[in-house]
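Heads up: the protein sequence lines correspond to chains A and B, in order.
Residue numbers for the first sequence follow this note's numbering, so the first one is 33 and each next one is one higher.
Residue numbers for the second sequence follow this note's numbering, so the first one is 81 and each next one is one higher.
Some hints here could point you the wrong way.
[Claimed, not checked] Each pair of labels, with its calculated beta carbon distance range:
hint, chain 1, residue 1, chain 2, residue 2, range
1, B, G180, A, S90, 42 to 48 angstroms
2, A, D44, B, E153, 16 to 22 angstroms
3, B, G180, A, G266, 25 to 31 angstroms
4, A, E52, B, Q183, 48 to 54 angstroms
[Said to hold, decoys possible] Per the computed footprint, the stretches of chain A lying under chain B, defined by three or more beta-carbons under 8 angstroms from a beta-carbon of chain B, are:
hint, segment
5, 79-85
6, 133-140
7, 284-291
None of these hints come from the bench; they were simulated from the model.
Glycine is no exception: its CB is placed at the ideal position from the N, C-alpha and C atoms.
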Amino acid sequence: MNGPVVLPQSIDETLASLQETPGATILAGGTDLMVAVNAGTHRPESVVSLARVSELRSWRRDGDDVVVGACVTYTEMEHGELAALVPALCQAARTIGSPQIRNAATIGGNLGTASPAGDTLPVLAALDAVIEIRGPAGTRSVPVLEFVTGVKKTVLEPGELVTAVRLPVLRGPQEFLKVGTRNAMVISVVMAALVVDLDGHTVRLGLGSVAPVPVRAREAEVFLEGQVDWAGVGNGRVRVADASAFAGFGELAATATAPIDDHRSTAAYRRHAVSVCARRAVERAFS
Amino acid sequence: MSETATFRLHVNGTERVVEGAWVGESLLYVLRERLGLPGAKNACEQGECGSCSVLLDGTLVCACLVLGASAAEREVVTVEGLPNGDGDLTDVQQAFIDEGAVQCGFCTPGLIVTVHDLLERNPSPSDLELREAISGNLCRCTGYGRILAAAQAVVAERSGSGRSQRETSA
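Next comes chain B alone, as it looks inside the complex (with noise of 0.2 angstroms):
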């Protein structure tokens, strides 16, 4: 029987503290299993399918292929963290809904965070950028037509020429 590993998280601002874990964990195990984080999903374990996405010290990467005894002390943000306001939900989830974006919704957390890292980088990414950002996330239900739609509702809502801004204004 190996050593086991004990070490602390901050995840989703908040400090967290794994005991007794196997050296091998990654964090995504740690997020699902042992901090009742089930956001971010378990499907390839080998960093093709981008739905376990979570941005680690400000970076986007899949959980399944981080050390989680190695994000020690590193700044841990899963979908269930995402600045939403005061609202239940953040704009781009609400804009997955509104747009059709979620079918069986598997990778739907994924593609949350994924979206959400490329407006804090690039707020008004051509239609070429999107299609690269989210090019890690797979989606076998939706055909990735509605998905892009709901990111660029985002970006014209945030610019200030999305429905809602529209329809106040008029």
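Here chain A stands alone, though its shape is the one from the complex (with noise of 0.2 angstroms):
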């Protein structure tokens, strides 16, 4: 018998869990749900914790891929070899919260929010990382564009749990850049994440914080490819033939967005700020 807490030890205890509570909250890191727990704004009649499913807390190299299990903290993405591998990933999970929340919060628990603020969505939208799901139907594969729906609101049905993000390793520049009103703490206004593949001959761009969900800047993206020197790459650096072409890539991204005016800030200033943050990200990737 079990109280209104469980604590699972594996993937398959967590699956009948779900299935035995329905309705039951999961509970990762906990650094978003005690926040509204505490605030009084979620009153949960039965918990399903992830404390000790082991299974989810780490990650392995798959091929090309990197799979990180989805109760990966930020402090072990800041750090060691998967930093290495996913750059981009590394220097979002390093702007995210305090130490503090660092050390709790996961990945799998910024997709299950889905806040049009998670602050690795525009990383995981730049990579098309794919989100691994098992449920009581099996186990399926969801796009990271595809699993975030609107502002808080995924694909996941009841009884399905995020079991890990699937990442491609590539070769070339990746940059996370955020703006907000101070470096520690803060919900981010704006992200932009920029990831160079000198292998596939893309530029990748996915903004966060300006619309209800990731997006990624299509137009932007195809612009700069057509300015690269492909051809030249050749130690991992890659030029593009014209500099301007770095702001035309900042102005073309903020036609991407879909901002709003908010407590944080105004749409005009997010626009202003993706054009800004995606021309220092290619700028720096390209110089």
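Bring the two chains, given one by one in their own frames, into a single complex with the hints.
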């Protein structure tokens, strides 16, 4: 007999617990959920905690990909081999909250919350990450841009659990920029994640906090891909023919957004900040 | 009325039983209101201020963001349980007093736990590492200068180049 807080030890046990207690709240790092619980805006009847599901807490290489378990924390993304394999994810992780928050908060939690300001989401968008989900009907994989369907809304069905995030390991520069009112403990006003794939000859720009869901700046990407001297890629450095392309990239990036006025910023400022962040990202990547 | 939770916590080396807790009770609430450990302070309840910092299985977290029942069977160390040798205070606590790093004192327990955690992992942090390590602990009185000085005094003391070592070796 379990109390209202269940602590399964494995993914299978977690799925069984979710079946046994329909409507249970899934708890990962708690850094979003407990804020709502403490404020009285969410009053759970029952909780399935992932605290003891060790198989969600590790990451592994799988061919050309890395598969990051849903309960890998930001602190774990900041350091070591994972940080080197996916530099933009590491950079995003470093900007999040405080050491205490980064020690607890998880990549799966960021996806489950699906806030427009979720800090890993633009990185996952730029990398074309695939979200691995398990549920009563089995396993499915959903691209991140399809996974998030609206403000704090996802494709997750009752009884389903995000188990991992699959990311490609790419050769080429990656950058993450974020605008907020200060450097620590800040909810982002604008985020830009840039990934350059030197082998696939692609430039990918993911943007966050500028639309209900994370977005890709497709027009800007195609524009810059046409400016890059891909044939000159030898030592891992890439060049563009004309440095004015960077500003053009930034301006096109701003057109991909659908920002709003809110208590953190105005839509006009967000558009401007996107153009600046996108330009700086490519200047850093291509210099 | 929803079902209540009963669970065991390992706090500061002692097993404690929590009975009849509301499902959503935070570890901070359990520590302060049920277990008589008021060292971790309750301020923002959203992880912004760091005044409730504790160690959970050796990892620094905000106790307000930990669901109490999900900490069952895990090791919790609060400011009351930090290793203090034979004395009443830890070296970090003593340094905070000596350097004048305590004003109203509300943020102090969280900062003490945070500085202990940092120096366990990194005995000689750079100034930047020190500043980043305490970036999740808000202090509205001191301006942080004396807190940084206190942490640096502990680093010097532990490495053998501190004031008392110099005095005794002189």
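message: Three residues or more, CB to CB closer than 8 angstroms: is that satisfied between the segment 133-140 of chain A and chain B?
response: holds (count 3)
message: Taking the Cβ atom of G180 (chain B) and the Cβ atom of G266 (chain A), is their distance within the range 25 to 31 angstroms?
response: 58 angstroms, violated
CB-CB spacing for Q183 (chain B) and E52 (chain A) relative to the 48 to 54 angstroms hint: 51 angstroms, holds
task: May I ask you to test the hint 42 to 48 angstroms on the CB atoms belonging to G180 (chain B) and S90 (chain A)?
output: 45 angstroms, holds
Claimed coverage, the segment 79-85 of chain A by chain B - three or more beta carbons nearer than 8 angstroms: Holds, because 3 residues of the segment 79-85 of chain A bring their Cβ atoms closer than 8 angstroms to Cβ atoms of chain B.
message: Is the listed coverage of the segment 284-291 of chain A by chain B valid when you require three or more residues with a beta carbon under 8 angstroms from a beta carbon of that chain?
response: violated (count 0)
message: Quick check on a hinted range of 16 to 22 angstroms for D44 (chain A) and E153 (chain B), using CB atoms only.
response: Once the Cβ atoms are compared, 20 angstroms apart, the range 16 to 22 angstroms for E153 (chain B) and D44 (chain A) holds.
The earlier numbered hints that this structure contradicts are 3, 7.
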